[in-house]
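Enquirer: Each chain, letter by letter, is given below.
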Amino acid sequence: MSVSLNRAYGGGFADPAVDSARAFRAAMNVMAKPGEIRDLDSAQPPAPLSAAAGTLLLTLCDPETGVYLAGACDTPELRGWLAFHTGAPVVAAAEADFAVGTWAELMPLDPYRIGTSEYPDRSATLIVEMDALEQAGATLRGPGIKDSATLSLPDAAALAGNAMLYPLGLDFFFTCGGKVAALPRSTAISEG
Amino acid sequence: MAIQKKNGTEAEIETETGAETGAGQQARRGWMSLLARAPETLLLALWSGYGASPSFDWLRRPETGAVMVRGRMGGTGAPFNLGEMTVTRCALTLQDGTVGHGYVQGRSKARAEAAALIDALMQTGAASAVRRAILDPLAEAMATTREDRAARAAATKVDFFTLVRGEDG
Chain D
35 MSVSLNRAYG GGFADPAVDS ARAFRAAMNV MAKPGEIRDL DSAQPPAPLS
85 AAAGTLLLTL CDPETGVYLA GACDTPELRG WLAFHTGAPV VAAAEADFAV
135 GTWAELMPLD PYRIGTSEYP DRSATLIVEM DALEQAGATL RGPGIKDSAT
185 LSLPDAAALA GNAMLYPLGL DFFFTCGGKV AALPRSTAIS EG
Chain S
22 MAIQKKNGTE AEIETETGAE TGAGQQARRG WMSLLARAPE TLLLALWSGY
72 GASPSFDWLR RPETGAVMVR GRMGGTGAPF NLGEMTVTRC ALTLQDGTVG
122 HGYVQGRSKA RAEAAALIDA LMQTGAASAV RRAILDPLAE AMATTREDRA
172 ARAAATKVDF FTLVRGEDG
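Going down the list, the protein sequences come from chains D and S. Mapping of the first sequence onto our numbering: residues 35 to 226, in sequence order. Mapping of the second sequence onto our numbering: residues 22 to 190, in sequence order.
FYI, nobody ran anything at the bench for these hints, they're computed from the structure. All C-beta atoms, glycine included, are put in the ideal place defined by N, C-alpha and C. Among these hints, one or two may not hold up.
[Stated by the list, open to error] Far from chain D by the CB rule (all over 10 Å, computed), these chain S residues:
#1 M53
#2 Y71
#3 M89
#4 A112
#5 R170
#6 A171
[To be verified] Beta-carbon label-pair distances, calculated as ranges:
#7 A170(D) <-> G104(S): 38 to 48 Å
#8 A148(S) <-> A170(D): 51 to 61 Å
#9 G43(S) <-> P142(D): 39 to 49 Å
#10 T109(D) <-> A175(S): 55 to 65 Å
[Said to hold, decoys possible] Far from chain D, some chain S residues (derived; all Cβ distances over 12 Å):
#11 S54
#12 A73
#13 A87
#14 G96
#15 G118
#16 R153
#17 A172
Here chain S stands alone, though its shape is the one from the complex (with noise of 0.2 Å):
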């Protein structure tokens, strides 16, 4: 089954936090970018660690399908399609009423699942708890792994300068 459009999928999100204000709504585009991106063993790792397992219904089982990634040139330029990438997602209802929602890259269901889990518990009150067991440890270590990257890719950096041009001697 296809996931048809990002487009559709952010009407999604945004009409389930219409009712909220802009700032919340702020937030949890923050956690959900980081849930999307997030590797799946730290993920999962970091939910078991957390220990609670809320019981839950299903709106949404997991499904896997493929959105088309659009970019602009300097974040400003005409839109342009980047690519097809794989997103399974999911939603879901916990007891009290909470809806959830998972959209993760990659195909795993256990992630899409931890994900959504993740999303309904960050709007209850235990989001502080959540945040800290969950999503900041979480981004710190994706932090680290991309300074990791950025620090070895800049080791090899290679500054060109040239004091005398050759045509001119």
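Pulled out of the complex, with its shape left as it was, chain D reads as follows (with noise of 0.2 Å):
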């Protein structure tokens, strides 16, 4: 037995309860506000995920959330420390609930689920992984903001596509380090 693939279980909360609530306000709180950046990192998942991303999956994902791996991230010691502190299945972006890798890897958005007019909250939420965040770039205007925000956005003009389908489409949570923002379909994008 190989001793990366038992490492590879190691990095989870420290205290669940504690921890998970905390970064459930965390991830709530970003998504209601969004623009804001709050630290979270009390997971250090296996690279290379984040550990703002690690946690985040750590909070939400269950045996009943299905959890897509965009390219470098499907790697076997990830799947294993998934399947070990949360049992949530690995599928494929069409059945995804939580998406996790960066934007290029995470592209086309087209495939992933956007909601339905009776249940909008059929959709997917996409954890991006950013090389920087920060307050700066697009202006974000909508519920949650007061006049208008800044964030770093990987490609606004995507995002903006994504807002217009509201009610429909898709959140998402940018992820850098220990630092997480989020986007969610309701925020109207606007370039710099």
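Join these two chains into a complex; the hints should help.
Expert: Following this line, the structure appears as structure tokens:
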């Protein structure tokens, strides 16, 4: 039995009840206030996943949520880690409740579920790994934002197209190291 | 915290032993089953009798939850839910990276920890010593208990038979 496989199980929540409640609160707050950036680093997932993305997966996933691991994220270590800590099945993009990877790996947006008119909540949430995350760039307006906010987005045009689908569409978390920000489908985006 | 599904539990253990041979997996299934059902006092006594207490890191601290026990009539019929059962589980890793899982019935965390340590040691060079000191006596004691109980029940067995049935006479 290889050591790397065993190491893949480490890095979960030290105190699952408290850590996941804190992480959920952070995730909820960034989603409620697009443009806000918060710390989220209570889990240490195997490479190449960032601490923030790993913490989100541990907090939001369970055996009933399908996860799509895009591109370089789809490693045996990460699959084992996810199975051990959450029991979440790894699925294709079209069936995913959550998808994780860099923006380029997650593209195109078409296969992901955007919900139906009766059940707009049956849509995917994308966790986008970013090289940098800062409150600069595209201008955001909408629910949860007083006047306007700014956030560095990977592709403002594609995200604006997603917002046009409202009330259907995808929701996004952006993660970079131990930081997280979010962009719900209800936010209107205009170029910086 | 609920341990969510029996299926999930099995999948985890299978992932863990996936690299091993079928025979190794079968053997591990045997001692996991033994540890899961072992009476607490006996298991802890044997464990402290073994002496060694290797240092380890938690992968998952002991937590108690419920799992749905499923059964099949005669072992082949359609599966049905027998009922929920309280289970305590934990996972840990020894200094050399060996992972041990403990799944035991009831809510004793000490017992889950001992079971996980024994599972981890059974995958190391200490396996035969652990088997001699803990698993064999445990299996023997549990078999004796089962046979005693079966013998007590057998003593009250009544065979009904009729030589001449009433309606025939």
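Enquirer: Indicate, hint by hint, whether the structure satisfies it.
Expert: Hints versus structure:
1. M53(S), annotated as away from the interface, keeps every beta carbon of chain D farther than 10 Å; the closest lies near 16 Å.
2. Against the 10 Å criterion, Y71(S) stays outside the reach of chain D, whose nearest CB is about 22 Å from its own CB.
3. Separation of M89(S) from chain D is adequate, the least Cβ-Cβ distance of about 13 Å exceeding the 10 Å criterion.
4. At roughly 7 Å, the least C-beta separation between A112(S) and chain D is not larger than 10 Å, which violates its mark as non-interface.
5. The Cβ of R170(S) lies farther than 10 Å from every Cβ of chain D, with a closest approach of about 36 Å, so its non-interface assignment holds.
6. Distance check for A171(S) against chain D: the nearest CB is about 38 Å away, which clears 10 Å, and the non-interface claim stands.
7. Checked against the hint of 38 to 48 Å, the C-beta distance between A170(D) and G104(S) comes to roughly 57 Å, which is inconsistent with it.
8. Separation of A148(S) from A170(D) is about 58 Å and conforms to the stated range, judged on CB atoms against 51 to 61 Å.
9. Between G43(S) and P142(D) the Cβ separation comes to about 42 Å, which falls inside the hinted range of 39 to 49 Å.
10. For the pair T109(D) and A175(S), the beta carbons lie near 56 Å from each other, so the given range of 55 to 65 Å is met.
11. For S54(S), the shortest C-beta to C-beta distance to chain D comes to about 21 Å, beyond the 12 Å cut-off, and the non-interface label holds.
12. Distance check for A73(S) against chain D: the nearest CB is about 20 Å away, which clears 12 Å, and the non-interface claim stands.
13. Taking the minimum C-beta to C-beta distance to chain D, about 14 Å, the non-interface status of A87(S) holds against the 12 Å cut.
14. Once the 12 Å rule is applied to beta carbons, G96(S) is consistent with being away from chain D; the minimum gap is 26 Å.
15. For G118(S), the requirement that its beta carbon stay farther than 12 Å from each beta carbon of chain D is not met, with the minimum near 4 Å.
16. Every C-beta of chain D lies more than 12 Å from that of R153(S), the closest at about 23 Å, which supports listing it as non-interface.
17. The claim that A172(S) lies off the interface holds: its Cβ sits roughly 42 Å from the closest Cβ of chain D, which is beyond the 12 Å cut-off.
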